[in-house]
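Starting from the structure of chain A, add chain B where the hints point.
Protein chains: 2
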Amino acid sequence: MSVIVQKYGGTSVADLSQIRNVANRIAKTYDQGNDVVVILSAMAGITDSLIDMASDVTKSPDKRELDVLLATGEQTTSALLAITLKSMNYPAQSLLGHQAEVLTDQCHGNARIIDIRAKKIKELLEKRNIVVVAGFQGCDPEGNITTLGRGGSDTSAVAIAAAIKADVCEIYTDVDGIYTADPNICDKARKLSVISYDEMLNMASLGAKVLQIRSVGFAKKFNIPIHVKSSFTEEEGTMVVNENSGMERLVVSGVTCDKNQARITLKKVPDQPGIAAKIFTPIAQAGIVVDMIIQNTRAGGKTDLTFTVPNAEFRTALDMEKKIAKEIGADDVFGDENIAKVSVIGVGMKDHSGVASKMFSALAQDNINIMMISTSEIRISCVIEEKYTELAVRVLHTAFGLDKE
Amino acid sequence: MSVIVQKYGGTSVADLSQIRNVANRIAKTYDQGNDVVVILSAMAGITDSLIDMASDVTKSPDKRELDVLLATGEQTTSALLAITLKSMNYPAQSLLGHQAEVLTDQCHGNARIIDIRAKKIKELLEKRNIVVVAGFQGCDPEGNITTLGRGGSDTSAVAIAAAIKADVCEIYTDVDGIYTADPNICDKARKLSVISYDEMLNMASLGAKVLQIRSVGFAKKFNIPIHVKSSFTEEEGTMVVNENSGMERLVVSGVTCDKNQARITLKKVPDQPGIAAKIFTPIAQAGIVVDMIIQNTRAGGKTDLTFTVPNAEFRTALDMEKKIAKEIGADDVFGDENIAKVSVIGVGMKDHSGVASKMFSALAQDNINIMMISTSEIRISCVIEEKYTELAVRVLHTAFGLDKE
Chain A
1 MSVIVQKYGG TSVADLSQIR NVANRIAKTY DQGNDVVVIL SAMAGITDSL IDMASDVTKS
61 PDKRELDVLL ATGEQTTSAL LAITLKSMNY PAQSLLGHQA EVLTDQCHGN ARIIDIRAKK
121 IKELLEKRNI VVVAGFQGCD PEGNITTLGR GGSDTSAVAI AAAIKADVCE IYTDVDGIYT
181 ADPNICDKAR KLSVISYDEM LNMASLGAKV LQIRSVGFAK KFNIPIHVKS SFTEEEGTMV
241 VNENSGMERL VVSGVTCDKN QARITLKKVP DQPGIAAKIF TPIAQAGIVV DMIIQNTRAG
301 GKTDLTFTVP NAEFRTALDM EKKIAKEIGA DDVFGDENIA KVSVIGVGMK DHSGVASKMF
361 SALAQDNINI MMISTSEIRI SCVIEEKYTE LAVRVLHTAF GLDKE
Chain B
1 MSVIVQKYGG TSVADLSQIR NVANRIAKTY DQGNDVVVIL SAMAGITDSL IDMASDVTKS
61 PDKRELDVLL ATGEQTTSAL LAITLKSMNY PAQSLLGHQA EVLTDQCHGN ARIIDIRAKK
121 IKELLEKRNI VVVAGFQGCD PEGNITTLGR GGSDTSAVAI AAAIKADVCE IYTDVDGIYT
181 ADPNICDKAR KLSVISYDEM LNMASLGAKV LQIRSVGFAK KFNIPIHVKS SFTEEEGTMV
241 VNENSGMERL VVSGVTCDKN QARITLKKVP DQPGIAAKIF TPIAQAGIVV DMIIQNTRAG
301 GKTDLTFTVP NAEFRTALDM EKKIAKEIGA DDVFGDENIA KVSVIGVGMK DHSGVASKMF
361 SALAQDNINI MMISTSEIRI SCVIEEKYTE LAVRVLHTAF GLDKE
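Protein chains in written order, with the working numbering: chain A, 1 to 405; chain B, 1 to 405.
These are computed hints drawn from the structure, not numbers from a lab.
Errors might be hidden in some of the hints.
You can't tell identical chains apart in this list, so a pair holds if it fits in one copy or across any two.
[To be verified] Cut-off 20 Å, straight-line C-alpha distance, at most; resulting in silico cross-link-like pairs (SDA-like, lysine to any residue): (1) 59 to 15; (2) 119 to 141; (3) 165 to 209; (4) 268 to 335; (5) 278 to 296; (6) 323 to 230; (7) 191 to 384; (8) 59 to 20.
No experiment lies behind these values; they were computed from the predicted model shown.
With the rest of the complex left out, here is chain A (with noise of 0.2 Å):
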């Protein structure tokens, strides 16, 4: 017997009858002498549905106000399918937020959790109930309501996992697991079996689309394994899981890439204490996040500069390095648009060698151009022309031995 937690997407409870297909899921898994904890997302579309009828009221609603309107979207799905389960003769009973006690910071729309006491999880545990938890929601200390944001239930569930100790936090969705790379692109992209956390904290534009990347970083922190699987068939997923777990490491777990990005090149600064920050502090001020930084090593007391920024903040970021440019005497500024992040990410490559001369000789095989590199422990990412990146992340694909056979 297990303590098991499932968590369903909004695709997987998008109807009556997708909610009797989770019910049944639920039902054979109790049957098998689990304990089960069940966490809901609302019904595909309905958050968004939420989210335009107060924006149809004021452009920025009011964030306590909004996370109350959000919150009915789960209550509506985890009373469907207790409902159902009860009408199955099986003993449910759904807990919201604050009923189950998810207690989190005064963030409202974006909140993080603090505690889970989870007292009346685990009395209903002990009756052998099936419990049945509206994801997305928690509330603060004063008893308001708040939500966790974008894929908020998958954090939800692994924090629910951890706090009653589960052997497992099964996460259901439309997609069957993990893939080494994304198969729209990469028809030769393959399932994994196995991921470590690591790996899936750095794969975030291949994983945001499967899971809420923070609910990895719960998992990690609690060691709980997450089993990421499709709610419409009977297939093994992917095991996200501690890299020390005995899984089978290879060197290169998945191929990633991200269009989102645009590059800004200081042409000519003045090599001195203190301009780095004179840089960068307006561009953090205004909440741009910057993800590449390279600096050109100094030539006669002048350096280049180039950093990377989301394609939506080009445009702002560009045009305040245009001013500070003239402040610090730098020569010029550049910008681009057209460029794109690819990335290879493995826990083996720690151990291994030659991963990064390998991505650079199959890039140039095909006469790719590198613009910029960056790494970490398990992560080597380039910046190349951004009509260059599906072809860079099937060649990549290939060159790490990932193609299925």
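Leaving out everything else, chain B in the frame of chain A:
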């Protein structure tokens, strides 16, 4: 400065433009320096469609979970109204049933209010907030969501008004007050400016369309004046108050009718102790509500016994009584669905003799035969043939001087 509770029904918050209309009314009351607590229903039709959704899952949805589902309706309107008020720069905050501490018993679907602590409401009012409370919902001592039954938001409003010692509880609806008769039947019906709690309680068939009758009992107990008015006009409505509050007493305040009645007669019942119990116990056990009971004077050790039941339960009750008649040795059982009850109501009749005889004469003048009569302190009811219902209402309305000029 007054403490004012305003309750808006489903048609008053049916869409975003109606909600804005409501927000403007609230803002005006607030700007006059009053403390305002607002109780909201769900958008018109929403509660029914949620019930339909649950019924699509199963014929008898779990009552606890149905309450969780239904509670989303008032949560939605409360959040939207608070968002609207905030966007107009008014300090507003929504509270759900459990946040407003509306404590009820555990009778899901038709819970009764045990206590309202209203600590949070009072705190928010002290800081000059407009408090928006989701009506219809409460929570039981274990923290489960409960609902107060059809029209329960009226009871929420009056109970909260009592808890915060409000000066008045304004009930906004789609009619502009309580009338001396149903205007659809009697075109001379006029709006009452004032009516007593007891009259209102006796005018269920008129009043229930406007106000949940349970809320009137609450208002009477805590002496909270209710002001029933339309949210679509600026007109004064009808005040429902204590009869000792100096109101001018009409002998008769209203004429009501009820076609939802059927009559069952047992002929020549042996007049022995315990017979009445044998006749009525099975019906009570089947949950059928008996309204009027008439027993003729005894003749030859036998008596006739007649009673009325709601139309919907007529067939069930008739079949039961046919079996019972055989067991107790009654001669025969008759049923009649084509009857109606007309009543005149007025606290003034306590002090005026001749009301009954005036009623009987008025009906006789138009050849309307009276089949049964029952009286209470402030009401006289007659059962008549159903086809005379509308005529009877008009005749009595004129006879008691209620016609508008």
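**Report entry** Which numbered hints fail
**Finding:** Hints 3, 6, 7 not satisfied by this model.
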